[in-house]
Amino acid sequence: MISAAQTGVPAPVLSVRGLTVSVRNGDGPALVRDLSFDLAPGETLAIAGESGSGKSLTSLAIMGLLPSALRSEGGQVRFDGRDLLTLPESALRDIRGGRIAMIFQEPMTSLNPVMTIGAQLVEALDAHETVSRSKARARALTALVAVRISQPERRMGQYPHELSGGMRQRVMIAMALLLRPAVLICDEPTTALDVTVQREVLDLLRDLQRETGTALILITHDMGVVAEMADRVLVMRAGQMVEQGHVRQIFSTPAADYTRELLAAVPRMGKGCGARPVPASAPVAVLRDVSVRFDIRSGLTRRVTHRVHAVESVSFQILPGETFALVGESGCGKSTIAKAMVGLVQHDGRIELAGRLRGSLDAQGRKALCRDVQMVFQDPMAALDPRMRVGDLVAEPLQIHAIGTPAERRARMFELFDLVGLPRDSAERYPHEFSGGQRQRICIARALALRPRLIICDESASALDVSVQARVLALLDELKRDLGIAYLFISHDMAVVENIADRVAVMYLGQVVEMGCRAQIFGNPQHPYTRRLIEAVPAPDPDHLRPAHLRPAGEVPSPIHPLGAGPVRMELRDIGGGHLVALPSSTMESAA
Amino acid sequence: MHRYRFVLFRPLQFLPVLFGISVITFVLVRLIPGDPARILLGTRATPAAIANIRAQYGLDDPIWVQYLYFIKNLLAGEMGRSTLYKIDVLRLIGTRIEPTLALVGMGVLLALIIALPCAALSARRQGRIADHAVRLASTAGIGFPSFWLGAMLILLFSVRLGWLPVSGYGQGFADKLVHLVLPGLTIALSLSAVLTRSLRAGMIAGLQSDIATAARARGLPESAVFWHHVVPNALLPTVNLLAVNIGWLIGGTVVVESVFALPGLGQLMVRGIFTRDYMVVQGVALTFACATVLINFLADIVTVALDPRVEL
Numbered sequence: 001m002i003s004a005a006q007t008g009v010p011a012p013v014l015s016v017r018g019l020t021v022s023v024r025n026g027d028g029p030a031l032v033r034d035l036s037f038d039l040a041p042g043e044t045l046a047i048a049g050e051s052g053s054g055k056s057l058t059s060l061a062i063m064g065l066l067p068s069a070l071r072s073e074g075g076q077v078r079f080d081g082r083d084l085l086t087l088p089e090s091a092l093r094d095i096r097g098g099r100i101a102m103i104f105q106e107p108m109t110s111l112n113p114v115m116t117i118g119a120q121l122v123e124a125l126d127a128h129e130t131v132s133r134s135k136a137r138a139r140a141l142t143a144l145v146a147v148r149i150s151q152p153e154r155r156m157g158q159y160p161h162e163l164s165g166g167m168r169q170r171v172m173i174a175m176a177l178l179l180r181p182a183v184l185i186c187d188e189p190t191t192a193l194d195v196t197v198q199r200e201v202l203d204l205l206r207d208l209q210r211e212t213g214t215a216l217i218l219i220t221h222d223m224g225v226v227a228e229m230a231d232r233v234l235v236m237r238a239g240q241m242v243e244q245g246h247v248r249q250i251f252s253t254p255a256a257d258y259t260r261e262l263l264a265a266v267p268r269m270g271k272g273c274g275a276r277p278v279p280a281s282a283p284v285a286v287l288r289d290v291s292v293r294f295d296i297r298s299g300l301t302r303r304v305t306h307r308v309h310a311v312e313s314v315s316f317q318i319l320p321g322e323t324f325a326l327v328g329e330s331g332c333g334k335s336t337i338a339k340a341m342v343g344l345v346q347h348d349g350r351i352e353l354a355g356r357l358r359g360s361l362d363a364q365g366r367k368a369l370c371r372d373v374q375m376v377f378q379d380p381m382a383a384l385d386p387r388m389r390v391g392d393l394v395a396e397p398l399q400i401h402a403i404g405t406p407a408e409r410r411a412r413m414f415e416l417f418d419l420v421g422l423p424r425d426s427a428e429r430y431p432h433e434f435s436g437g438q439r440q441r442i443c444i445a446r447a448l449a450l451r452p453r454l455i456i457c458d459e460s461a462s463a464l465d466v467s468v469q470a471r472v473l474a475l476l477d478e479l480k481r482d483l484g485i486a487y488l489f490i491s492h493d494m495a496v497v498e499n500i501a502d503r504v505a506v507m508y509l510g511q512v513v514e515m516g517c518r519a520q521i522f523g524n525p526q527h528p529y530t531r532r533l534i535e536a537v538p539a540p541d542p543d544h545l546r547p548a549h550l551r552p553a554g555e556v557p558s559p560i561h562p563l564g565a566g567p568v569r570m571e572l573r574d575i576g577g578g579h580l581v582a583l584p585s586s587t588m589e590s591a592a
Numbered sequence: 593m594h595r596y597r598f599v600l601f602r603p604l605q606f607l608p609v610l611f612g613i614s615v616i617t618f619v620l621v622r623l624i625p626g627d628p629a630r631i632l633l634g635t636r637a638t639p640a641a642i643a644n645i646r647a648q649y650g651l652d653d654p655i656w657v658q659y660l661y662f663i664k665n666l667l668a669g670e671m672g673r674s675t676l677y678k679i680d681v682l683r684l685i686g687t688r689i690e691p692t693l694a695l696v697g698m699g700v701l702l703a704l705i706i707a708l709p710c711a712a713l714s715a716r717r718q719g720r721i722a723d724h725a726v727r728l729a730s731t732a733g734i735g736f737p738s739f740w741l742g743a744m745l746i747l748l749f750s751v752r753l754g755w756l757p758v759s760g761y762g763q764g765f766a767d768k769l770v771h772l773v774l775p776g777l778t779i780a781l782s783l784s785a786v787l788t789r790s791l792r793a794g795m796i797a798g799l800q801s802d803i804a805t806a807a808r809a810r811g812l813p814e815s816a817v818f819w820h821h822v823v824p825n826a827l828l829p830t831v832n833l834l835a836v837n838i839g840w841l842i843g844g845t846v847v848v849e850s851v852f853a854l855p856g857l858g859q860l861m862v863r864g865i866f867t868r869d870y871m872v873v874q875g876v877a878l879t880f881a882c883a884t885v886l887i888n889f890l891a892d893i894v895t896v897a898l899d900p901r902v903e904l
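Heads up: the protein sequence lines correspond to chains A and B, in order. Per the numbering used here, the first sequence starts with residue 1, numbered consecutively. Per the numbering used here, the second sequence starts with residue 593, numbered consecutively.
Keep in mind that the hints were calculated from the coordinates and are not lab data. For each residue, glycine too, the CB sits at the ideal point set by N, CA and C. Be careful, since some hints might not be right.
Part of the chain A face toward chain B, derived, beta carbon under 8 angstroms [to be verified]:
1. P67
2. R93
3. G98
4. M102
5. F104
6. T109
7. S110
8. N112
9. P113
10. V114
11. E123
12. A124
13. H128
14. Y159
15. H161
16. M175
Generate coordinates for the entire structure from the input sequences, incorporating the hints supplied.
What follows is the structure in structure tokens.
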């Protein structure tokens, strides 16, 4: 910063040359190979890539924080006229936090749970400057005010678990900017956050950068975030740079094939093709006034004093062969609906699946219902027993329901492998031998084994890299067309939903606030919360006109109510063509 | 302070636990073969005298009536009379509880003094010679039985070097402390082995955690990263491990007190069993069980104090 101002030439603050990271004593390929880039003062450089591309290792190598099993074995990281890779630990310590700061993806696991926010801020300051206790506290408080946290004074005495995810990331940013570093490295800073919170944190980062002139290295897999934030982009793949350039050039005329593929795979808003008309027939699922509430007990007698109103009076139906999407942010109750549908939580109201009323079934009937309704979860590795061969995993539902002879089951298993595009000879292997996308295919094959009429996909594509995600979504779409199954597609990602859904219901605090076909929801969003969600999605286009600053959302109101009280129920009104919108109520207006 | 409200109502939840303990100790002692009246009067007692005693002590009543008498007496602070010492069992326990408490306290204190630095050394030099040495020593500590370890310590420090007394409890605070060093060390060597392993694992995980990486990225010196961010989080699971082990230790004092001739509850228990002094056995067993309940309660309080996330 200072040198640039003095000379008038934008000499880079940070200059990386030929950086190579490899496994200590290992002879495998280097994890980062021959990486070079410059970071100009005040600019934002995005390092984009999919998982395993080495983008996070690059940031750790710059900070000298590589795990002990790895080492940077070549190249230079020049900062302030010194090579960080050869600096002794004590000199590096002054630079870390003081001159180059870093924030991480998971604010919860990066903050110490047993130390107050204030103590952690003061400690970070103490590590670099000798200031009095009261002065340090005052500066910590100023930093919290700067990141626009509500009630900063109170936050100082709170512990990390008492704050929401967005507030925790604000605290991390406050801590990073406490000492006015020349460079701030953000490693997936908004990946763990809800989309509206992501929008606020991105806005905050951009504003703070403008005020302080800090150069930003933004590590992300999200091309939307790249387009919004970056001045320049460096695309990485398998430890190597694919290309780098100005953000407009990367998005409009990418030079490398990989960049083109990556950009093509990104789900885009406003690109959803018209919904296919579904022939009118008996619905596979009908939900009427479904509510799920969890009791909170307290006091001496463990009496129920409060209830979590997770789902409140939700009604919808799903027709055969359609994809019905439930969207909303974390805690809105979308996954709880799925759990109620498969019988994992108790519910009030009517849930009718494949013509049978869920509540009226005996154990036998509930088992039979599993044949018609199957689930695919978010994390395929957690959903697959690591000690079973994948062929057995896929055939297991058939075995549980005693369908066919072993030979027939085996034949069906191979059929399913063909259907989801897995090689037949992989049936003898174990889940850990597959990639994330392949594992999700295994889960889909298992869900298909019983020829269900409805598959509930709970964030099934959310944990996957974009290119893999695009292929899994295409597979789901293809299976729907060929087999005529219906999906309940649960997602937080508006762009994905716009690309796959036929009909959409938007949920907020346990209630549906807007429901309609894809064109109605995305083309003519009526409810303020739906608009907020759509506007918050970062567009993978640097020239996209961003809406003016959204009003800060503040905290989502609590779904916990005292016994006897409850949330204000929203009435859905048809504004034409089956487009249902919640009547504006006072609570929603103030929140959205 | 609402997080500490459980201190008020948790003792109510002890009631069913204490009921269970009282039933089990009562029944177990009655299961010991032999007629207490005959033991009281000796082998040459006349049947009439035995019948007399049986009636006097209510031994002919149904067992649940006997249990109700037992509870009634217990609530009045009566645990019966020791046949050997000829005094009230509660008073007897009162005179013998101090050495046992002091022994357990000394053992836990020494164990922590050994375990914390060993675990820290081991975790920060993982895979190096110091780490291997600590791990070997802790395996050995778990492996050696305390009666053997105690005897070896006596041989070395008392017989060979003459630094510490061989056995007994002594008079006065300083003298008692000196007498407690070897028995305390015997307990500490095996207890610290268990604690070291748990702490070491927690610290190694902590050193590789995001918390530690984020703290280093803020420029904190490694010592601050370790003592402020790694150790407090590694201590949390160890508190419960320690509570479980103290419960087990209280039973273990039976052996250590015998080896070092400490006049504590453990020794009282052993003598009570050998002389069929059933009231003493019952009273000491009850005391041990209640102590275990109390220690777990204390561990809960410590956990809440150390971890702001815990609500009980």
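Could you tell me which of the numbered hints above are not met by this structure, giving the numbers in increasing order? none
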